[in-house]
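Given only the sequences and the hints, what does the whole structure look like? Please build it.
Number of protein chains: 2
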Amino acid sequence: MSEHIVSRYDDELKDVQRRIAEMGGIAERLVDLSVTALTRIDTVMANTVIMEDRRLDEIQRQCEEEAIRIIARRQPMALDLREVIGAMRISNDLERIGDLAKNNAKRVLALDGQFQSKRFMTGVEHMAELSLAQLKDVLDAYATRDVHQAFEVWKRDADIDSMYTSLFRELLTYMMEDPRNISLCTHLLFCAKNIERIGDHTTNIAETVHYVVTGEALTQDRPKQDESSVTTVTYADN
Amino acid sequence: MSEHIVSRYDDELKDVQRRIAEMGGIAERLVDLSVTALTRIDTVMANTVIMEDRRLDEIQRQCEEEAIRIIARRQPMALDLREVIGAMRISNDLERIGDLAKNNAKRVLALDGQFQSKRFMTGVEHMAELSLAQLKDVLDAYATRDVHQAFEVWKRDADIDSMYTSLFRELLTYMMEDPRNISLCTHLLFCAKNIERIGDHTTNIAETVHYVVTGEALTQDRPKQDESSVTTVTYADN
Numbered sequence: 001m002s003e004h005i006v007s008r009y010d011d012e013l014k015d016v017q018r019r020i021a022e023m024g025g026i027a028e029r030l031v032d033l034s035v036t037a038l039t040r041i042d043t044v045m046a047n048t049v050i051m052e053d054r055r056l057d058e059i060q061r062q063c064e065e066e067a068i069r070i071i072a073r074r075q076p077m078a079l080d081l082r083e084v085i086g087a088m089r090i091s092n093d094l095e096r097i098g099d100l101a102k103n104n105a106k107r108v109l110a111l112d113g114q115f116q117s118k119r120f121m122t123g124v125e126h127m128a129e130l131s132l133a134q135l136k137d138v139l140d141a142y143a144t145r146d147v148h149q150a151f152e153v154w155k156r157d158a159d160i161d162s163m164y165t166s167l168f169r170e171l172l173t174y175m176m177e178d179p180r181n182i183s184l185c186t187h188l189l190f191c192a193k194n195i196e197r198i199g200d201h202t203t204n205i206a207e208t209v210h211y212v213v214t215g216e217a218l219t220q221d222r223p224k225q226d227e228s229s230v231t232t233v234t235y236a237d238n
Numbered sequence: 001m002s003e004h005i006v007s008r009y010d011d012e013l014k015d016v017q018r019r020i021a022e023m024g025g026i027a028e029r030l031v032d033l034s035v036t037a038l039t040r041i042d043t044v045m046a047n048t049v050i051m052e053d054r055r056l057d058e059i060q061r062q063c064e065e066e067a068i069r070i071i072a073r074r075q076p077m078a079l080d081l082r083e084v085i086g087a088m089r090i091s092n093d094l095e096r097i098g099d100l101a102k103n104n105a106k107r108v109l110a111l112d113g114q115f116q117s118k119r120f121m122t123g124v125e126h127m128a129e130l131s132l133a134q135l136k137d138v139l140d141a142y143a144t145r146d147v148h149q150a151f152e153v154w155k156r157d158a159d160i161d162s163m164y165t166s167l168f169r170e171l172l173t174y175m176m177e178d179p180r181n182i183s184l185c186t187h188l189l190f191c192a193k194n195i196e197r198i199g200d201h202t203t204n205i206a207e208t209v210h211y212v213v214t215g216e217a218l219t220q221d222r223p224k225q226d227e228s229s230v231t232t233v234t235y236a237d238n
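Protein chains in written order, with UniProt numbering: chain A, 1 to 238; chain B, 1 to 238.
Think of the hints as simulated: they come from the structure by calculation, not from any bench.
Bear in mind the structure is a predicted one, so any value in this text is a computation, not a measurement.
Errors might be hidden in some of the hints.
To be verified - Not everything, but these chain A residues come out facing chain B in the computed CB check (under 8 Å):
#	residue
1	13
2	110
3	114
4	175
5	189
6	230
7	231
All C-beta atoms, glycine included, are put in the ideal place defined by N, C-alpha and C.
Listed below in structure tokens is the structure:
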């Protein structure tokens with residue numbers, strides 16, 4: 001390849017990576033805003049999340065189109081091909097993270113004016129803080145192609161899953177205490193599930209960083225501690 | 001390209017498509033089994049789903065590796081490239097459908113021995129029937145590269161979303177009627193949500209069929225009728 005072509009190709013790859021960095025910034029912001037909107041039942045902030053998520057969808061489409069164009073025109077091999085495939089995967093995960101933040105924001109609209117209790121929010125807030133920290137770390141790991149940092153993020157996902165399982169039990173107990181809690185706690189259960197899913201997409205990104213850098217899939221079994229699906233709380237009739 | 005190479009390339013593409021067809025068959029079976037397991041609270045059947053989902057994960061990994069190998073070695077263009085990209089996307093969606101069926105199966109294990117009522121199951125069963133019919137149709141559309149059939153599937157997803165929204169309201173009402181319903185109905189809410197997500201992945205597949213055949217993305221706004229996120233039921237204290 002002539003130097004001229006190589007340099008244009010490099011520019012194209014960098015352009016895709018620049019879009020991923022932009023998507024990462026927006027996704028972080030949406031996760032952060034959606035949880036603040038939830039804990040304050042702030043519908044203005046919730047509507048901002050819903051609006052801004054569109055931008056994420058738009059960049060994701062551009063990113064994917066650009067990646068496919070690079071494959072078709074430049075026929076990348078080895079590391080370059082992994083970079084392009086990796087960018088497609090990560091842009092997908094970031095777009096899904098935006099959708100999940102948007103879904104939480106929509107629930108704020110449902111909860112506006114409903115019976116509320118601050119104490120129910122604490123667990124969701126803690127889960128969100130942890131998942132946001134994980135998201136920041138994995139985006140750093142991608143930016144610096146740091147496999148070790150990616151692996152640390154990947155391992156820590158089990159903590160989010162454990163928090164989710166105990167929060168599931170807690171919210172079910174609140175519902176049984178007082179039927180007026182049912183609507184709020186059901187939406188909070190789904191918010192918590194969305195945050196747990198954000199954690200899963202963050203773990204996917206960690207796996208992609210590993211694949212891009214090493215060319216190998218992370219073969220260990222995923223650290224999975226979400227036991228909520230097999231958890232119930234039995235109502236004790238007093 | 002020599003005829004010999006072209007024919008090996010064709011074989012590789014067909015091999016990927018054969019794997020997708022196998023995945024489609026397994027995904028249909030898992031969705032079907034998981035719902036029957038749920039309506040009968042049949043833990044043996046539920047465990048079968050959990051076991052068989054591993055096979056789906058395994059084929060998905062093979063499928064993706066094979067697709068990347070084809071891109072690297074054969075440098076496909078135009079329709080061939082779309083076929084490979086399409087196969088990667090569809091295998092991803094089918095793998096996720098398997099995960100969602102597995103999650104519903106896990107909930108059967110949680111509900112075993114809990115307070116149950118047949119009448120709560122009807123709505124989930126109907127949703128599942130519709131989403132299974134959609135999945136079959138979209139796999140047909142993929143097998144025959146039928147854009148019109150894919151578009152019909154795509155449009156009908158709105159029906160699943162509407163069913164989900166009314167089921168959400170119904171299950172919340174049951175919880176408010178009697179706190180002994182809370183555990184069961186919460187799990188059924190998540191099962192319904194999982195089926196709604198299966199519908200979304202089916203819609204993704206319809207979009208991919210459209211992309212593979214026409215080279216264009218489906219640009220219309222997605223038919224989205226899931227209003228459950230903004231739905232609440234207020235407890236009327238009698």
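Hint by hint, here is what the structure shows:
1. 13: violated (15 Å)
2. 110: holds (5 Å)
3. 114: Holds. Min distance 6 Å.
4. 175: holds (5 Å)
5. 189: Since chain B brings a Cβ to about 7 Å from residue 189/A, closer than 8 Å, the hint holds.
6. 230: holds (5 Å)
7. 231: Hint on residue 231/A: holds, closest Cβ of chain B at ~6 Å, below 8 Å.
Going down the numbered hints, you'll see the structure goes against just number 1.
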